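Q: Spelled out, the chains give:
There are 4 protein chains.
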Amino acid sequence: MSETAPIRVTVWSEFRHEKKNPKVAAIYPDGIHETIAKCLREQPDFQVRTAWLDQPEHGLGGCVLDETDVLVWWGHMAHGELSDETAAAVQRRVLEGMGFLALHSAHYSKPFKALMGTTCSVKWRESTDKERLWNIAPSHPITRGIGEYFEIPKEEMYGEPFGIPTPDELLFISWFTGGEVFRSGAVWQRGHGRVFYFRPGHETYPTYHHPQVRQVLVNGVRWLRPAVCIQDACPNSPPLEPLPEDTEASDRPVVGFK
Amino acid sequence: MSETAPIRVTVWSEFRHEKKNPKVAAIYPDGIHETIAKCLREQPDFQVRTAWLDQPEHGLGGCVLDETDVLVWWGHMAHGELSDETAAAVQRRVLEGMGFLALHSAHYSKPFKALMGTTCSVKWRESTDKERLWNIAPSHPITRGIGEYFEIPKEEMYGEPFGIPTPDELLFISWFTGGEVFRSGAVWQRGHGRVFYFRPGHETYPTYHHPQVRQVLVNGVRWLRPAVCIQDACPNSPPLEPLPEDTEASDRPVVGFK
Amino acid sequence: MSETAPIRVTVWSEFRHEKKNPKVAAIYPDGIHETIAKCLREQPDFQVRTAWLDQPEHGLGGCVLDETDVLVWWGHMAHGELSDETAAAVQRRVLEGMGFLALHSAHYSKPFKALMGTTCSVKWRESTDKERLWNIAPSHPITRGIGEYFEIPKEEMYGEPFGIPTPDELLFISWFTGGEVFRSGAVWQRGHGRVFYFRPGHETYPTYHHPQVRQVLVNGVRWLRPAVCIQDACPNSPPLEPLPEDTEASDRPVVGFK
Amino acid sequence: MSETAPIRVTVWSEFRHEKKNPKVAAIYPDGIHETIAKCLREQPDFQVRTAWLDQPEHGLGGCVLDETDVLVWWGHMAHGELSDETAAAVQRRVLEGMGFLALHSAHYSKPFKALMGTTCSVKWRESTDKERLWNIAPSHPITRGIGEYFEIPKEEMYGEPFGIPTPDELLFISWFTGGEVFRSGAVWQRGHGRVFYFRPGHETYPTYHHPQVRQVLVNGVRWLRPAVCIQDACPNSPPLEPLPEDTEASDRPVVGFK
Numbered sequence: 001m002s003e004t005a006p007i008r009v010t011v012w013s014e015f016r017h018e019k020k021n022p023k024v025a026a027i028y029p030d031g032i033h034e035t036i037a038k039c040l041r042e043q044p045d046f047q048v049r050t051a052w053l054d055q056p057e058h059g060l061g062g063c064v065l066d067e068t069d070v071l072v073w074w075g076h077m078a079h080g081e082l083s084d085e086t087a088a089a090v091q092r093r094v095l096e097g098m099g100f101l102a103l104h105s106a107h108y109s110k111p112f113k114a115l116m117g118t119t120c121s122v123k124w125r126e127s128t129d130k131e132r133l134w135n136i137a138p139s140h141p142i143t144r145g146i147g148e149y150f151e152i153p154k155e156e157m158y159g160e161p162f163g164i165p166t167p168d169e170l171l172f173i174s175w176f177t178g179g180e181v182f183r184s185g186a187v188w189q190r191g192h193g194r195v196f197y198f199r200p201g202h203e204t205y206p207t208y209h210h211p212q213v214r215q216v217l218v219n220g221v222r223w224l225r226p227a228v229c230i231q232d233a234c235p236n237s238p239p240l241e242p243l244p245e246d247t248e249a250s251d252r253p254v255v256g257f258k
Numbered sequence: 001m002s003e004t005a006p007i008r009v010t011v012w013s014e015f016r017h018e019k020k021n022p023k024v025a026a027i028y029p030d031g032i033h034e035t036i037a038k039c040l041r042e043q044p045d046f047q048v049r050t051a052w053l054d055q056p057e058h059g060l061g062g063c064v065l066d067e068t069d070v071l072v073w074w075g076h077m078a079h080g081e082l083s084d085e086t087a088a089a090v091q092r093r094v095l096e097g098m099g100f101l102a103l104h105s106a107h108y109s110k111p112f113k114a115l116m117g118t119t120c121s122v123k124w125r126e127s128t129d130k131e132r133l134w135n136i137a138p139s140h141p142i143t144r145g146i147g148e149y150f151e152i153p154k155e156e157m158y159g160e161p162f163g164i165p166t167p168d169e170l171l172f173i174s175w176f177t178g179g180e181v182f183r184s185g186a187v188w189q190r191g192h193g194r195v196f197y198f199r200p201g202h203e204t205y206p207t208y209h210h211p212q213v214r215q216v217l218v219n220g221v222r223w224l225r226p227a228v229c230i231q232d233a234c235p236n237s238p239p240l241e242p243l244p245e246d247t248e249a250s251d252r253p254v255v256g257f258k
Numbered sequence: 001m002s003e004t005a006p007i008r009v010t011v012w013s014e015f016r017h018e019k020k021n022p023k024v025a026a027i028y029p030d031g032i033h034e035t036i037a038k039c040l041r042e043q044p045d046f047q048v049r050t051a052w053l054d055q056p057e058h059g060l061g062g063c064v065l066d067e068t069d070v071l072v073w074w075g076h077m078a079h080g081e082l083s084d085e086t087a088a089a090v091q092r093r094v095l096e097g098m099g100f101l102a103l104h105s106a107h108y109s110k111p112f113k114a115l116m117g118t119t120c121s122v123k124w125r126e127s128t129d130k131e132r133l134w135n136i137a138p139s140h141p142i143t144r145g146i147g148e149y150f151e152i153p154k155e156e157m158y159g160e161p162f163g164i165p166t167p168d169e170l171l172f173i174s175w176f177t178g179g180e181v182f183r184s185g186a187v188w189q190r191g192h193g194r195v196f197y198f199r200p201g202h203e204t205y206p207t208y209h210h211p212q213v214r215q216v217l218v219n220g221v222r223w224l225r226p227a228v229c230i231q232d233a234c235p236n237s238p239p240l241e242p243l244p245e246d247t248e249a250s251d252r253p254v255v256g257f258k
Numbered sequence: 001m002s003e004t005a006p007i008r009v010t011v012w013s014e015f016r017h018e019k020k021n022p023k024v025a026a027i028y029p030d031g032i033h034e035t036i037a038k039c040l041r042e043q044p045d046f047q048v049r050t051a052w053l054d055q056p057e058h059g060l061g062g063c064v065l066d067e068t069d070v071l072v073w074w075g076h077m078a079h080g081e082l083s084d085e086t087a088a089a090v091q092r093r094v095l096e097g098m099g100f101l102a103l104h105s106a107h108y109s110k111p112f113k114a115l116m117g118t119t120c121s122v123k124w125r126e127s128t129d130k131e132r133l134w135n136i137a138p139s140h141p142i143t144r145g146i147g148e149y150f151e152i153p154k155e156e157m158y159g160e161p162f163g164i165p166t167p168d169e170l171l172f173i174s175w176f177t178g179g180e181v182f183r184s185g186a187v188w189q190r191g192h193g194r195v196f197y198f199r200p201g202h203e204t205y206p207t208y209h210h211p212q213v214r215q216v217l218v219n220g221v222r223w224l225r226p227a228v229c230i231q232d233a234c235p236n237s238p239p240l241e242p243l244p245e246d247t248e249a250s251d252r253p254v255v256g257f258k
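Chains as they are written, first to last, in my numbering: chain A, 1 to 258; chain B, 1 to 258; chain C, 1 to 258; chain D, 1 to 258.
By construction, these hints were calculated from the structure, which means they are not laboratory data.
It cannot be assumed that every hint is accurate.
Which copy? The list can't say, so a pair holds if one copy fits it or any two copies do.
Stated by the list, open to error - The calculated lysine to aspartate or glutamate pairs, modelled on EDC-like cross-linking and capped at a C-alpha distance of 16 Å, are:
1) Lys130 with Glu57
2) Lys130 with Glu151
3) Lys23 with Glu42
4) Lys19 with Asp54
5) Lys38 with Glu126
6) Lys23 with Glu126
7) Lys19 with Asp30
8) Lys20 with Asp54
9) Lys130 with Asp246
10) Lys38 with Glu151
11) Lys123 with Glu148
12) Lys123 with Asp232
13) Lys130 with Glu245
14) Lys20 with Asp30
15) Lys19 with Glu34
16) Lys38 with Asp246
17) Lys130 with Asp232
18) Lys130 with Glu241
Please read all numbers here as calculations on a predicted model, not as lab measurements.
Chain A extracted, bound-state conformation (with noise of 0.2 Å):
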């Protein structure tokens, strides 16, 4: 867990929608994770690779999980195709130390609710609002470089209340056009790993070309890198300090105390 190594990114997505919708597959023509991963690319200590649900094992097969220090994620219409096994593998790489970037619709998505324990449900609507991020939290790392807020012209709406547990850390609360609000940047810490929720990026539109929401996907990463591996281990544990005989037989009550 070397500061200096790179950092191995992995990103995630359905890869549907762009080869169904051509409005989609005109903003993001090699699809969504190839457009996120050209951005990441661009650290030079980012080692950047791709999956998607269509591959076997949805790419995330072999070693390519325990190779991740941090997994981008987005999904939207096919969340029910992921193997329960993959997403149990998901969630057990956060618990170790891997971090997971949650984007937009993985609000949904397996790995995600099992992070969450929660419905992570939302309200929402496509349609022509703004959305204006307030950035609450100006000294986080993931929020570096952003100013007071940033706006999107055009985005989905999601609404509160979010199903969520309460965030470690809230970094962003959007305003919408249509008159909600909605929690759209959250951390908490699950396990040994990283979890960082961000709202913008529905297919529609082009989000993910928007310089500050690429700025948030960086700092994000960066934000995510594991610190520790370590695996589950439930040991039964000896005394570190001496212990009483036992004295069962003769004195200890087997019911009731005083």
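Position chains B, C and D relative to chain A; hints supplied.
A: Same frame as chain A, but now just chains B, C and D:
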């Protein structure tokens, strides 16, 4: 959700050790669930029923969960035998509002793990340790009537690190003779329901006859009472304020922001 | 601290704007405190008194604070005129168990700032904004009976970042016409007492006549009721377990560890 | 706030016990601050200076605080002699971004208490207790290189309840021979700065020569490094979206809502 209505409690346990181990049967002749239920029935405003693993649908089918305000859970040797359907139904009900009191080795039960999203692992030792639980939240309703600490003469040791998300509030920290510490009482909001983990209760010790343990159980059930019952929804929501017209065809850039 | 005893509420305000600004006097002829007190007195189990800045000891001398379960605070133009002694006494009482409800510009009051430890600064604008408060914690007792949101036709805008520690729970997020958002309802445990900040209430708008604002005030007072009254202490404590004899003279290294 | 710039550390202590108590002087001949400073100076990227109570302006006048990234604080017998002005200046700097490492009895220092807003009281005993600090956050940067626990052969006991707000993250829990537990390592975000409380360090024991204590100090300073320096402001903010015209004269109700 009237505050004067009775609190409907279901006490669930595996009811296996009691049938196999005469030592456990001597302490809990009708099962751990029945000892706990008897304690809770002393409260005139509690309506208490019991359920156990080997009943059809684990005793939680039909309307049982829907008619349960607070579910008390003790499991240990057979977590894996609980059906995934029942585990999911318990989780769903907590997210709607039902309170969940996870006792001792229920840290590894399916519903608790699903609600936490983490490993929930611990260190452990079955020996002659004394456990002293320090009350670190003397103004929390769950510690009402508990002094600054209480002792259990002999208990299984659980040690840190405990693989849970940071609790919303930490109520008890245990000191063990053998040199360990543990976050023995902790609470989390999950969806519209509350979760309380309370550590003591190894089956070979008479812990659920202990007066302060029983006080904590009563306090816990009271605090876990639901305030609402809200079912999951993810609604498409019309705007509350006027939206701009869709100008996409003419002037919205397909790719890129300046 | 019986749960059936009345809740003793003291509503404090500066009572200055009402005397100087006819517009404010028209809305709150007997002072903001009196309008709020009248609302709270509709609850049969509330015992409500009022106090204001220009009374001797700011109306909080003698036994007033000791006999107050919940203190409601509205201040704006004269925060600096509150004596440091009174501010410290309020803080001390909260840490012992008294509830504290800080309203609107009380974000800058001495007691609230002392309890938070931070700047408590905001953005602000007095104009024609509508405020829509989204209820993001529908199962919290303070939002009981409040729907998914409510609107105030005209209010002063407060915008993020709000210079507070991360709240224990966030209850309301406001949307403002002019494009801002704000954490408008938030709670913190401080010592044995609870603190609730509730944003609305600029003196030139009739906000405390608003039915849902009044509902939140009633709910807030109820939730802020103390569970205990524990005075500060820092006791020298004898050991509960045998300690080793002091072997310092002979074998304890004075400097350095291996 | 370049990440490659040196970290400018100021180590502050009272420097009183060392002059009065030969036992303390034997352990810390140049003062506790100097022993800590020497340890920190082993890090090539740390620029370390010291300051103490009896210097003019407590050694923190002029540009010292403005040029300090991380302030390490040890105080015990003379908390009250620190001027209120200096305490306020330290608090202000933390809220702007400076890190603050409060050691041992600095739980009762003016700056720490001001940042917490609570009593910060503890139980205590000076005796022959051994302290074992359990690392409950093995992936936090502050616990890097610390194993699952470490022991201090003899330390003053601090016991719960510790009068602090719930920490953002709890890093260490101590076990004491005499039967107590304590939250010995805890962190809080306050404004734009980070605060780390670390318990060990009674002046009559050689605690700051302990290798793992020293490792925690180094890790702590690194983690406390500021990300930003943002001065307090409470700006009047023009709207970002069109506001309705002011229609008050004609149709806004002065009192009451329907």
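Q: Sort out which numbered hints this structure fails and list those numbers smallest first.
A: As far as the earlier hints go, 1, 3, 5, 10, 16, 17 are violated by this structure, in ascending order.
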